[in-house]
Every structure is written in C-alpha cells, then in structure tokens.
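Peer 1: With chain L's structure known, arrange chain V on it following the hints.
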Amino acid sequence: MSWANGVGTANVTLVVAVAVLVGSGVYLLLERTLTRVVLGTLLIGNGVNLLILVGGGAAGGAPILGRTPIGAMSDPLPEAMILTAIVITLGVSAFLLAVANRSWQLTGDDEVQNDYEDHRVIERAEHREADEETEADTDTDERPEEPGDQPEGAG
Amino acid sequence: MLVLLVVHVLAAVAAPLLVRGMGARAFYVLAVVPGAAVAWAAVRTPGVLAGHPAGETHEWVPAYHLYLVFRLTPLALIMVYLVAGIGALVLFYCARYFRPDEPGLGSFAGVLTAFAGAMLGLVLADDLVLMYVFWELTSVFSYLLVGHKATSGTSRRAAMQALLVTTLGGLAMLAGIVLLDHAGGTSRVSALLEHPPGGAVVPVALALILIGAVSKSALVPFHFWLPGAMAAPTPVSAYLHAAAMVKAGVFLVALLAPAYAAVAPWRAIVLTLGCVTMLLGAWRALRQHDLKLLLAYGTVSQLGFLIVLLGAGTANAAQAGAVMLVAHAMFKAALFLFVGIADTRTGTRDLRELSGLGRTAPVLATATVLAGASMAGVPPLLGFAGKESAFGAFPGDPAVLAVLVIGSALTFAYTARFLWGALARKPGVPDTPVRPIGPLFAGPTVLLALTGLATGCALPYLEPLIGAYVGAYPGHADHLALWHGLTVPLGLSALAITSGLVLFAARFRPRRLVRFTADHAYDQAMRALDRLAVHVTGFTQRGSLPVYLGVILATLVVVPGGALVATGLGRDLFAHAEPWDSPAQAVVVALMLAGAVGTVRARVRLAGVLLAGVTGYGTALLFVLHGAPDLGLTQFLSETVLTVLFVLVLRRLPRRPAPSPRRPKAAHAALGVIVGALVGGLALTMTGARHQPPVSTGLPAAAEKGGGKNIVNVTLVDVRAWDTMGEVSVLAVAATGVTSLIFLRGARRLPRLGRHKPPPGGVWATRRTAPGALRPLRPGTVARGAVRWLSAVPTLSPERRSVIFEVVTRLLFHPMIVLSLYLTFSGHNTTGGGFAGGIVAGLALLVRYLAGGRYELAETAPVGPGLLIGLGLVAATGTGLAAMIGGGPVLGSTIWHAEVPLLGEVHLVTSAFFDLGVYLIVVGLVLDILRSLGAEIDRQVGEEAA
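Chains as they are written, first to last, in my numbering: chain L, 1 to 155; chain V, 1 to 946.
Read the hints as simulated data drawn from the structure, not as lab findings.
From the three backbone atoms N, C-alpha and C, an ideal C-beta is built for every residue, glycine too.
This list has only true hints and no planted wrong ones.
Derived DEER-like restraints, expressed as beta-carbon distance ranges:
| no. | chain 1 | residue 1 | chain 2 | residue 2 | range |
| --- | --- | --- | --- | --- | --- |
| 1 | L | 41 | V | 101 | 56 to 62 Å |
| 2 | L | 41 | V | 525 | 41 to 47 Å |
| 3 | V | 894 | L | 70 | 23 to 29 Å |
| 4 | V | 705 | L | 67 | 16 to 22 Å |
| 5 | L | 70 | V | 555 | 36 to 42 Å |
| 6 | L | 113 | V | 103 | 39 to 45 Å |
| 7 | L | 113 | V | 584 | 41 to 47 Å |
This is chain L alone, in the form it adopts within the complex (with noise of 0.2 Å):
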C-alpha cells in the first residue's frame, strides 16, 4: 500500500496549503471581533486537518475494499480524524457565533472585551489591597484577641 512503504513523502503544495492557512488563521485569530476569531478557527482548522493529511503519506484511491486494491489507498486512520474534526469544527462554530449574537444583544457589537474582574484583580495585586479584603473575610472585628480573655462561643 502506498502509505506503508516505510518512508514519508511531503507534498510540499499540501505543505504550503497547510502553512498559510494556518498563519492567515493566526492572524485572524489574534483580532477582537469575534466573527473574525471565528474564521481564524476555520481556516485554522482546514489547515490542520491538511496538515493531518499531509502526514498520512501520499495521495491514492479511496480506502474502500473492493474498490481500490489495499496496496493502493490512501491511509484511512488520518481521514477518519479528520472526519470527525470537520463536524465538530461545524458544531463548535454555531456554539462561537451564538456567543457572538449574544454579545451583539448585550453591547451591540461582537468585539471581546477585556475582563473587567481579571482588571480588578489586577489593580489590587498592584496596590496591596489584599490586607484589607482578608480582614474582612474573616470577621476579626468579632474574634477575641487571645481566646482566654474574653469568653465566646457556643452552649
């Protein structure tokens, strides 16, 4: 079979196939609107799953018995991973331009904002205000000093 003959060939066209689709998809991936993001995963992922082929060895007839002689197919494990990374590429997508409709009902636009707790957080590591916050936590104001001093607790 012409992907079991040990050695690898690269298809360098696959090859580049493969890298621009990826980079273009980085690219895009990297933008804040979120129906962009979500190009960035298409074409991310046709790139992969061409990068999964590429790897499978070299062209050849369809991995079906009866049609296409064993010795000449082409390598069925990759095309069955590809198979199921197609649907879920279709499945996470609709999930991605849902969240992208929502947040158009919330703001009016599919831009991701930054998180503004995550800024919070931020803005207290800077300024030490953990101190603070702890105390208030933990009721101090209502624990005594040393338990000896002052009796409390329950009967």
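Peer 2: For chain V alone, kept in the frame of chain L given last:
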C-alpha cells in the same frame, strides 16, 4: 466490621428524617448505633484477649492492592470502647442538650453519627491508606460539626482553621504513608508492625506521619486550633476532645510506637513536642475564666502527656499511656458534658459568675468532683493509677520525669480552679439560679464519672486489656495497682498534688508568656497566602483574549519550534519532498491561498465569510484529489451549513467591525507568519521522519472483520467508536450551548400554524415594505385548485416569496431525506456514513426554512432537536451497552445474517445502529442551529420591529 460501618452510614443518612419526625429525641435512637458497636466489642473481647484478633478483608481496588481490611487488635479494642461508648453517651446527651427548634439539627445529627462511624473505621483499619481515608473523613466531619453555628463568624473561622491545620498534617501524613508503603512493600499495618522496613527513607516517612499525628492531636506548634474549636456545641467538644478527633493522633502514635519508636527522629520529636505541649497547655489553662476553654487547654496539656507516654516506646510508659488514654477519655468527656449542662441550665460558663452549683445540684456536682479528681490524679481513681505508672516509667530520663511532675502539679491546680469555679459558693456572688436538670441529662456525666471510679478500684479487671496492647513492646511492664508500697512514684504523686494545692491556694494566675501566639502566625500565614493568590492571579489572568492566545502561540513557537530548529539544523527539509501528487492540487491550492489572503484583508464581514468558504471548499477538493471521498463529501456539506450559519448571524451584526483603537497589527502579522512557517516546517519534518510502518496497515483486515468495505467508516463506528462517542457528545453539548445562548427564557416550542395564527405576510418583512404595504395574496387572487407548494408560505412577507424556490424545495425535500438515509446505511460499504447523511438531512431542513420561513420549519420538523439528539445518544450508547451485555467489548459490533423474503440475504451489522445515532445527533445539531440562530432570531427581530 464493615457491617458496623455500613450501619453508621445508614443511620447518618436517616438521621435528618428521624429528627424531622421525632425532634431531638431522635438522638436516643441514633445512640443505639454506637451502642451496638460497644456490644459487638464486648462479645469479641475474650477472643482478642486470648490472642486471636478478629479480622476481615473485602476487595476495594485490587489493581492498586487496596483492600477494605479491618483488624480488631487490643489497641483497636480499647479505642472502640472509647469511641463507640462515649459516642453513644454523647448522642444520648444531645437529646436533652439541644432545643427542638435548633436550626440545622437534622444534618447535625447525621454528621455526628457519620463522624462516629469514620472514627470507628479509623481505629479498625489495618491498612494505612484506608486509615488515611477515614482520617480525612474525620477532618471533614469535624469541620461541619465545629462550624455548626454557620451564622457565627467565630464558628466559621474555627471550623476553617481546624480543617486547614488537620488536612495540612493529613497531606504530610499521606506522603509519609506512601514512603513507608514503598519501603515496606505493603501498606498493611499488621505487616509493617511485624516486619518494620529499614533504610534511609523510613525516618523521613515517620517524621511526615508524625506531622499528621501532631496536627490532629493539637500538639505544639499546631495546638491553637483546639481551643478555637470550642465554638462547637458542647457535646461535639466532649466527643472530639475526649474520645475521637484528637485521639486519632494519639492512636496513630500508640499504633506505630512498638515497631518504630527506636528509629532516629521518633523519640526526639515525640518527647520534645509532648513535653512542651503538656506544660504550655496547663500553663494557659490556668489563665482561663471560661470553663470550656479551661478544659480545652487542659486537653492540649493532656494530649502532650499522652503522646509522651505512648510514643516513648517502652512497655512501662505504654502501659501508663494506655491507662491515661482510657482515664482521660472518661473524665474529660464527663467534665465537658457537665459544662454543657451548666451552660444551658444557668446561662453562663464564666467561673467568676457561677456560684453555689455544688449545693443546688448535688448529684451532678459529686460526679463532677469525681471526674475532676481523676484528672488531677487523686487516688483511688483511674487517673491516679495512670500517673503513678507514668512516674515510674522514666527512671533513666530525669528531664522528662521533671516535666511530667511539673505538668501534673499544674494539672492539679487548674482542676482545682475548675471545680472551685464551677461548684463553690463565692463570697459576694449570689447563688446562680439553675433550671431543673433531668436525670436523663445528667445521666451520661454521672455514668462516666462512676466508671472512672470503678475502673480505678477494679484495676485487675482492666489489666488484661491494657496488658494485651503492652505485650507488643519488648520487655515486661510492672504490675498495675493503686498501691505499690512506699515508692518513688508515690512520693512524686504526693509532690505533684501538694504543689498543685499550693498553687491553687495561692490563687496562682500565670502571666502571658509571649504576646505572639501560634494563632497570630496562622492569621499571618493565611493573609500571606491570600496576597500570593491575588498576585499570581493578577500576573497570569490579564483579562485579554489576544494576550492569552499570544502566550499560547508563543509557547508553540518556542518549544516545538526550538526543537525543530535544534534538530533540523543542517538537515535538508526537502529531502523527501515532491511538488505535488497531481497538478490539479496546485490549481486548487492557488485558489485557496487567494481565499485565505482575501479573508484576512476583507473588512466587510460577509466578504470574509465567503472568502473563507473558498478555502473550505478548496479543502474539500483537496480531500477528493487525495483519495478521501468521505472527507470531501462531509467537508462540502459542512461548509455549506457553515456559510448559511454565518449569514444567519451576520444579518444582525454591523456590516463592518468597528475599528479597534489598539491594534498591534504588525506584531499579529509577524506571529501569523512565524506560526505558519513553523507548522509548514513541522509538516515537512514529520513526513520525512517516518520510519515505522503505520498502525493503519491493520485497518483493512479490521474492516473486513467489522463487516464493512468503507475502511474510514468502519474505523469511525467500530475500531475507534469510543472516539466517535466522545465527538457526538461534544456535538450534543455544543447544541445545548447554542440553545441556551439564544433562547434566553427557556427553550420554547416553535409556534406552529394550527395553534398560533400568524399574521399573513409578517415573516421577514423588510423596513422598506412594512406589513400591509404590499398586500399578501388573498384567497381568490390565486386560481382555484392552484397548488400550494409549501404549507406555511402565506406567513412570508410577499416580496420574500419565490415560487420557483418553493417548487424546487418541495420537489427536492423528500429525495434529500431519502438520500440522507441511503448515505447513512450504505456508508459502511461505500462513501457516506452517519455524519454525511445527517448533514444532508440538515440541509433538507435548511432549504425548507429558507423557502418558507420559521413556520415552515416548525411544520417540517415538529419535534425538537433535544428529542433527536437524545434519541441519537440513546442509540449510540445503547449499541455500546448492548455489546457489553452480550459479553463483548463495549461498542464492539456483531454481524447478523438473515434470509428475508423478497430482499434475499441481509447482513445487519450492529454498528449500523451506532451510525444511526450519529445521524440523529447531527440532524439534531443542524435543526438546533436553524431553530435558534434562524427561527428564534427571526422572532426576536420581528418583536423588535413591532
């Protein structure tokens, strides 16, 4: 023994129901459970004393050599009596202690019973890992018990402190257990005691295990959690600090000491910490006004004492320790229970306010004095017998002996202070009014005090039990007795009692030794931890998506990229390269490159989507050219659905994205180029680096066995069916996510024509042609007998209608559904399969929706996507489970041959049902997308326009 534990679990589960039905009286019922454990222990005692420890083993995780293995050794027997006996009395006492309207009483009763069960399991376990499990269970349950008053900040803090300290120690102990297991080749306690392993690891293991014991038993430097835990209801304090929780550490030391006390760090750790704790606890007990806190610090002191005795590793010390262990459990439980009575019946625990309780409650007072006398070491009580043997157990160690005597003197002094403060009439303080104390309430206290007296007087009957444990030590222990003649220990006892009396008479109230306490250290450590958490979070969580993705991509560039450069230097990347398999590939790729670049450059959203579609369809063509028709088909179909999906969402979004103020475009482009080049380089290296035959050489044969000709499909539904199982689950989750993001107020059924009269011509009306501007077709304007091709089209806005589209849709829909089923079932042997079939059916629905609007969709698919996805999951998992029930591997397939009339010979492969499940799930996903992103958004748009 497992039965006993199971009974505890059942009782714990039933407890809330019992409390709901019977109120606080439910505790009487619950007390029967540990009571049964005492009876069981009594039955087994003769056998254990005769040298036949009972044991039982059940399988747990045999692959990891984990067994539920229990063993009733003499030490375990002593502990069972204490844990279960005092547990039963405490539960009994709870019935009177709590008012019926106490909040959370039901769960409290359950947790307390569960705690008793966990403690029982801990002392019976003959395997260190199993013991660790029970150990941590007691920590968790004690957390819940101490934090019973959840509304009080003090209570919550104390519970958290106890949990953190004891689980921290528990983790150290687990590490020690793993090391010891490794050194000894087993975690079985009996084996580790019989053949203690040697080697350099053992001292480390013991030190770690001792950290666990010391933290659990509240020894310095972990002593601070115990007084804090006094925030618990008093019965909990009585149980946790007399018989259970803190005794777990003592028990562990007593268990391991016979075999390991001689190993290097053991005695140093145990004696030092024990002595310091004994003095510190007693010293601070003398400073307290709150009776409960006085007892708490007294407990700390006594725990130090117990650890010194049981950890010393000699027969005499161990004998003294075992006697003190029993004595302490009884007197401390009695005293705590007394404090609980005093507290609830007078309203105070402050010894400056209590007065005259000795006169007003004489029976209870007598019992309290008896228990206190045992604690102080006064003859003829059991506490005296224990101290007497302790003073005789360290003849060669004057320093330890001195600490024990000083500690005992302080113990006498704080006991006297306790009894005086609790019972005496004080000058200038009026007698405290006492509400009636029933016999059932006082009963446990009196019983415990009397047992202390009885065991002290009946030492010969106790001796065999203690002796059976002490027999594990080398050497021989002295005879246990109250009177040994005029000996040095007797003199030391007298010295301790006299000095204690003097200290009390002189009203000795020690000053605070240091201002800085371990409790403060705990606070500062917690604060530092919080600060660290904020810093780490602030450093790693920057809150910006591009930053996160940039970090991930940079890691990709640095790590695999670095490896590629390091190994690929000087190697010809193109050694195994060839330009193409067929020139057609180059043509397709050229188109795709144009599409990719165009997608990046497109500023209008829709243009970007269409150009990305070019790369998608191009990929499909490449699949076909490569010899992968299944992939090509699926990619074509899925790309089509995706394009429509994008259009459905994009119709609401602004045409162009708003220009973002901060856009480091050059940096993004550079990262894109680098990652693209890296992945290309990896692809070249990867294909050239292959030197093993691929695993897929076995797939053709597997396909033959799986009864199919299409190897890719058989791989999906049979060979790698688990993968597919996971994948369809992801699809189900994604569909749920889409639904929940669009249907904000719960998933509704789509309105259908029959029930809901839609305004004609209202769907997809544009602003230009508002409803009514262009009149819809009325009955009569169309010739009689004209065919209505789709049932819901009158709901469409007239300018949205296309008769040609309607006719084509009507003609295509059913063939498409048939085709989808054909693809699904023939996919096993030729191009197709559940995925492709599902998408074709989805496209059929899509066409109906586009031609007829949302009412048409509802008419076409009256079932919800949830039903389809659910049925699909049932079919897929059902196939897997059926194969397992049939005795084969999960998801394995079987082939049936049958002769069917008319059809001839039929082969049925069970994996066809699996593929049918995949089909249903994919149809469900597409329908879900159409319903949410299509129909529901239509409805929302319509509402907004109205």
